[in-house]
Amino acid sequence: MEDGEIDEGAMVVDDEDAQSAVQLKIERSAHEMLQESKASVEDTVAKILSIKKEGQPKSLVRELVTQMFLHFITLRQANRSILLEEDRVKAETERAKAPVDFTTLQLHNLMYEKNHYVKAIKACKDFRSKYPDIELVSEEEFFRDAPEDIKGKTLSKDSRHDLMLKRLHFELFQRKELCKLHEKLELQKKKLLDAIANRKKFLSSLPSHLKSLKKASLPVQNQLGVLHTKKLKQHHLAELLPPPLYVIYSEFLAQKEAFCENMDLEIVGSLKDAQAFARQQANKDTGISTNVESSRLEDDAPDEEDDGQRRRKRPKRVPSKENLDQEGLYQVHPLKTILHIYDDEVSDLKSAKLITLKFEYLLKLNAVCVGIEGSHDGSENNILCNLFPDDAGIELPHQAAKLAVGDALTFDEKRTSRPYKWAQHLAGIDFLPEMSPLLTSHGAPSGETAKSDAVISGLSLYRQQNRIQTVVQRIRSRKKAQLALVAQLDLLMKLRWPAVTCESVPWALHNPVCNLHGWSTVGHQSIQALSLPVVETEQVRESIDADMNGRSGTSKEELESAREDGELPSLVPSASVTGDVKLNRLKGSNHEHSRQLTLISKSLVPPISKTKSQSFKKPDDDLDLMLDTDSDQDGPAYIELESENTATQYYEMGEKSWVNYGAKEFCLVLTRNMDTDQRIWKLEAKVNLHILKMLPVDQENYILSHQVCYLAMLFDYFVDESSPSSEKRRGISVVDVGLSKPVSGRLLARSFRGRDRRKMISWKDTECNSGYPY
Amino acid sequence: MCGDATNWDEDAYRESILKEREIRTRTVFRTVWAPSQNPNPDAIVVASSDGSLASYSISSCISKLRYGFNNTRSQHFLVAEPQFFLQGHDGPAYDIKFYGHGEDTLLLSCGDDGRIRGWRWKEFTNSDVPIPLQGNQVKPVLDLANPQHKGPWGALSPIPENNSIDVNMKGGSIFSASGDSCAYCWDVETGKIKTVFKGHSDYLHCIVARNTANQVITGSEDGTARIWDCKSGKCIQVIDPAENTKLKGFFSCVSCIALDGSESWLACGRGRSLSIWNLPASECVSRISTRASVQDVLFEDNQILAVGAEPLLSRFAINGAVLSQIQCAPLSAFSVSIHPSGVTAVGGYGGLVDAISEFGSHLCTFRCKCV
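Protein chains in written order, with my numbering: chain L, 4 to 777; chain E, 67 to 437.
Since the hints were made in silico from the structure, they are not lab data. Misleading hints may appear alongside valid ones.
What the hints assert, rightly or not - With a cut-off of at most 27 Å between alpha-carbon atoms, the simulated DSSO-like pairs for lysine-lysine come out as follows: (1) E:LYS85 with L:LYS482; (2) E:LYS188 with E:LYS216; (3) L:LYS183 with L:LYS193; (4) E:LYS85 with L:LYS483.
Make the full structure from the sequences, and use the hints.
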């Protein structure tokens, strides 16, 4: 339509064009005319001007003016034709414009209609359903799962809409189902919750039940020897032990379990104190707030408060007493390890308990102390002294500790537990790190690994060296020796011959003829005699002389020297002499005991008693319970002595003091109604040294008995041999009975030999004879 | 030390204890000053009860003494290292003598094993073997063993010990006092017994050669001393120091005898008495009774030095007067010897040797070390 219209218009335009082309021709000619006229006008004007300038005559101008007028007329004509042409073109344009306007209007109408439709379509398209977000199951699922009654229904003509509706229906159906299920489950859950609550209630009541059960089972456990509960408790305590005690505990436990050692371990002390202490330690050392610690030891939260009080108290106390008072110095860790050692020779099921040791840790001095539980004997009777050479326990093991103690060089004498060196070795103080295991367990910094390496290697060395085993063995043998010794001393105190069981030595079978007349401790008088410094040799002389005189010249002393005892200078003789002189006067028997005077004595008048001083070194070692007449020096005596003597002597003492530590001296008096003339000289070497070589190892604990018996035997022999006539040398001749004639040659028997006149005794089967050979 | 709990060696500890005891209970039987050009006393040769012969230097002992060390009162004697050491005998070594002069000097010793052994002295003085190896390093040039007695059916008695020796350098002989109650005269060149002096009824303690008269004098356990003629081997005189004394019931031996420089005075220690005899006159000049039995005696000019079973060195005049008594270290002294310079050495029980200067002060006291 439009095209047609446009075509029509175009045709119209064409018509007009044709017309206008004509017009244009005219017009153009008009324009050309105008152009020409103008040019000729200008020419003419120019000519006029030139004439005027040249001053040519005006005649010429006239002509020119006519011409000019002519040209003006042409000009006007051209102008008129142009204007006419213009009017005509305008009218034609007016005519052509009307159809164009009409078509334009039509177009606009159509466009409007179109836009309206488009808008409607868009509105339809943009329509949202009520449940746009409902997540539906996919179509396949729907077809698969939906029940027929939903699928079969037709709800709408449109298939897609129908499908959609069906799916929605299905969804609704499904959801309703699920809701029902949910409700059911909720119900079930509630039921279950109830059940759980019930059981929880039961569980919460269970520990108390168990506890009561445990309590009830304790006697049974004890009865059956299954100390489970106790063990657990001990392990818990062990965690709180200071590292040295921990090492002792763990290593002893390991030793016990690995080698079935007959010993028991336990930890005693207040758990709460230990916990408080550990916490305090942690605070002091690392500055970590208590919460780490307390989370670890949460079980006693209420303790926190009074712990805090204690903490506040303590620092107050320390600065107030600047001069480290003893109390603080010997501050002991609240926990202690107790070790019971049993006899290792199992005679019956319950072997006898030998000894109980208590290990405690001195915090300030960083030293482990050992004492015998339940014994408050003086240090002289302490068998732990000198368990190893030079370890009397009166000196602190570490230099640092010594510095801390300051002036008081030695450890407090009054304490029963001492810091022996072996205890430090047992505690592994030589390799322990500075920090306690409590601290290292959390927040281990980088340097920790190296440290723990050192500890591990230290421990392995520790085990290689069998420290535990060594110490336990030593303690055992020491204790047994002590028991044996006490038994022997008891016998001697009662003046009965000690029994000697070993058959392989002569003196065991010898029946002593002499009597045990006296057995007394010599040592204790020594303290009062200590103050005699230089003159004592004179005193000795005098006292002896007095003795001699008192005996009207006929009787002389039987002197037995306290020679040998190489440890103590000068005070020993004085001590023992004073003691003995007293004894002499009391008993009226002339026994003398002196170091200066060696022996040799004669007497014609019976009765005569002979003194043999016996002593033994107890703390030194049970093995060298040798017969040497040494002195009794207990601790305090030593100190007195040192203060009185000169510096050089002090030095000498310090060197050897541990050997004499706690040694005791006894005085043995053997009597017989005979006299003797003898040197007892060699006897000492024999009794001391060779007796040890002769005895089997298992008799070691009975050395004292052996020595006493041996002495008695020797005494008998000396007495027997001492009468002058018996000194004759005896020769033996043998008669051959078969041939009834004497055999040529004889052998001599002799009783003495050598420059020192050693007495010879031969031992045949079960009895001994004086002299050799027969 | 033998370690502590960390490294315990019980056997070693036991060993060390026994060893210490052993050292303490040893006896020095003879101390002899070694011959030397040096006029000051230096080397002293010690025979002790473990059979060892060892030489100690007095000067080095003195230098080792601690400052302010009070010898007489202290029990901790210096333990001296020997200059040389020789395991001379099995059992105790009893006596030492030097034989010869100069380069050829022999060190003679006798002991409980019944042997007399001789070593070249210069081998010791020039020896540079370390001490612990010296035990048997030097071989004896002389080794004489006592004869054994025949018993029934040819049984042999034990070898008797030699308690004392003396020498006659001119005659080339060694005299030994033996345990079989005989004295023997040995020829040094051949090593054979030249003469047997038989007559004592018990074993001999001491022997002294009276070379000017070609006699020997012996002291015996039987309580008598005898003078023998070397040529004939016969007993010329029996000296019984106990005769005329009232101590009838008591019996003791002649443990030591000594002759003075002129060989006309004899000191004879018998039990707890010391008797001085004038030999030309054969009579007892004086009798000294001592507190303990006399164990060694010595003439120094006109004085007599005696030691015995007490820690005293006594000095007597010929007439029996006590001139001085000096405390010495060994509780029982078995030997006293004097150096020409006047320094006395006393050896005895405990392995102790005490060197006492001519003025009576203690030069040094030391304990012989067991090697």
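Results for each hint:
With a CA separation close to 25 Å, the supplied pair E:LYS85 and L:LYS482 stays within the 27 Å bound. For the given pair, E:LYS188 sits about 39 Å from E:LYS216 by alpha-carbon distance, which is inconsistent with the 27 Å threshold. Distance restraint check for L:LYS183 and L:LYS193: the Cα-Cα separation of roughly 16 Å lies within the 27 Å cut-off, and the hinted pair is therefore satisfied. Pair hint E:LYS85 plus L:LYS483 holds up; C-alpha atoms about 25 Å apart against a cutoff of 27 Å.
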